[in-house]
Amino acid sequence: MTAYVDNLYRKLGERIRQQRLSVNMTQEELATTIGMLRTSIVNIEAGRQKPPLHVLYQICRQLGAEPGAMMPALSDVNEVQVTVAGDVQELPPQAASIFKKLSDA
Amino acid sequence: MPLAAMKKITKRTAQELVAEYGTPIDLVRLLKDEEITLKREDMEDSISGMIVIKPADTTIVVNSSHHHSRQRFTIAHECGHYFLHADSASAFIDQSEKIFLRDAVSACGTQRQEVQANWFAAELLMPKDYLLKKFDTKKIDLYDDYPLRLLASELKVSVQALVVRLTALGLIPNDCYEPHV
Chain A
1 MTAYVDNLYR
11 KLGERIRQQR
21 LSVNMTQEEL
31 ATTIGMLRTS
41 IVNIEAGRQK
51 PPLHVLYQIC
61 RQLGAEPGAM
71 MPALSDVNEV
81 QVTVAGDVQE
91 LPPQAASIFK
101 KLSDA
Chain B
1 MPLAAMKKIT
11 KRTAQELVAE
21 YGTPIDLVRL
31 LKDEEITLKR
41 EDMEDSISGM
51 IVIKPADTTI
61 VVNSSHHHSR
71 QRFTIAHECG
81 HYFLHADSAS
91 AFIDQSEKIF
101 LRDAVSACGT
111 QRQEVQANWF
121 AAELLMPKDY
131 LLKKFDTKKI
141 DLYDDYPLRL
151 LASELKVSVQ
161 ALVVRLTALG
171 LIPNDCYEPH
181 V
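Order-wise, the sequence lines are chains A and B. So the first sequence is numbered by the working numbering: it starts at 1 and just counts up by one. So the second sequence is numbered by the working numbering: it starts at 1 and just counts up by one.
Hints are supplied without guarantee of correctness; some may be wrong.
Claimed, not checked - Some, not all, of what chain A presents toward chain B, calculated at C-beta under 10 Å: (1) 84; (2) 93; (3) 105.
What the hints assert, rightly or not - Taking lysine to aspartate or glutamate and the EDC-like style, the derived pairs with C-alpha atoms no more than 20 Å apart in a straight line are: (4) A:100 - B:44; (5) A:101 - B:41; (6) B:54 - A:87; (7) B:39 - A:104; (8) A:100 - A:90; (9) A:100 - B:41; (10) A:100 - B:57; (11) A:101 - B:57; (12) A:101 - B:42; (13) A:100 - B:42; (14) B:54 - A:104; (15) A:101 - B:44.
Claimed, not checked - Distance windows between CB atoms, simulated: (16) A:61 - B:7: 57 to 65 Å; (17) A:87 - B:65: 19 to 27 Å; (18) A:97 - B:26: 25 to 33 Å; (19) B:8 - A:88: 28 to 36 Å; (20) B:45 - A:88: 20 to 28 Å; (21) B:32 - A:5: 40 to 48 Å; (22) A:85 - B:2: 18 to 26 Å; (23) B:170 - A:50: 51 to 59 Å; (24) B:169 - A:87: 30 to 38 Å.
If you're looking for bench data, these hints aren't it; they were derived computationally from the structure. Where is the CB? At the ideal position from N, CA and C, for every residue including glycine.
Throw the hints in and build the complete structure from the sequences for me.
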């Protein structure tokens with residue numbers, strides 16, 4: 001579950017970042033308009049900070065995007081990142097958990 | 001490594017195993033001799049299998065929801081990683097849509113290893129020499145799928161895999177699938 005949550009927020013962060021870049025706004029500008037610190041935007045875009053829904057709506061308003069359109073697709077979120085022999089690969093959850101059990105054993 | 005050299009090594013490694021484990025290849029005995037554990041697990045359809053190589057404990061996992069002949073191909077493919085690539089990495093995961101129908105020339109690095117593992121699996125399950133002996137295009141009507149099905153079931157592979165292999169070996173001319181008008 002944690003991998004799933006991490007994955008969800010990482011994907012969401014990526015989409016916020018893409019949208020911000022597409023409207024030519026800096027992290028600083030976005031932060032200022034919604035009364036947050038730039039580091040919060042940095043962390044949200046990296047998936048480390050989980051924005052509450054109302055913050056997400058504020059971000060979307062500033063970026064001129066519908067919140068619904070910013071949501072990652074289910075199929076994107078379901079993937080889990082695992083390290084396969086030093087290489088990061090994205091796997092669907094069942095396969096990822098089987099692989100992790102095997103490689104940790 | 002140049003492609004031709006890669007092909008030669010792949011073929012030789014597989015042929016040695018074919019000599020020892022016969023046709024159709026006795027995968028159960030091969031895995032037992034190598035002390036490889038085989039597990040069948042329910043996984044997402046896009047994953048055909050994986051192998052985790054450890055000095056004293058190697059495991060191959062195949063997708064239990066796939067057809068038996070496809071599972072055999074996957075096991076053979078993972079064996080390819082085991083015999084050919086154990087030096088370069090200790091784990092391989094095979095996502096089906098990413099393995100098949102890739103061409104070796106444009107592939108690089110890990111992709112090449114996947115292509116090579118497919119060559120290996122093809123030779124292991126459908127040895128060229130065996131097919132040359134068995135499959136006489138002059139005697140077989142390619143529009144009659146019975147001989148193909150017979151040969152496929154003898155080799156425990158799918159008809160599809162067999163046709164791909166026969167085409168790759170040039171035993172089925174490319175133009176034979178042109179529709180009769």
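Go through the numbered hints given earlier and state which of them the structure violates, listing their numbers in rising order.
none
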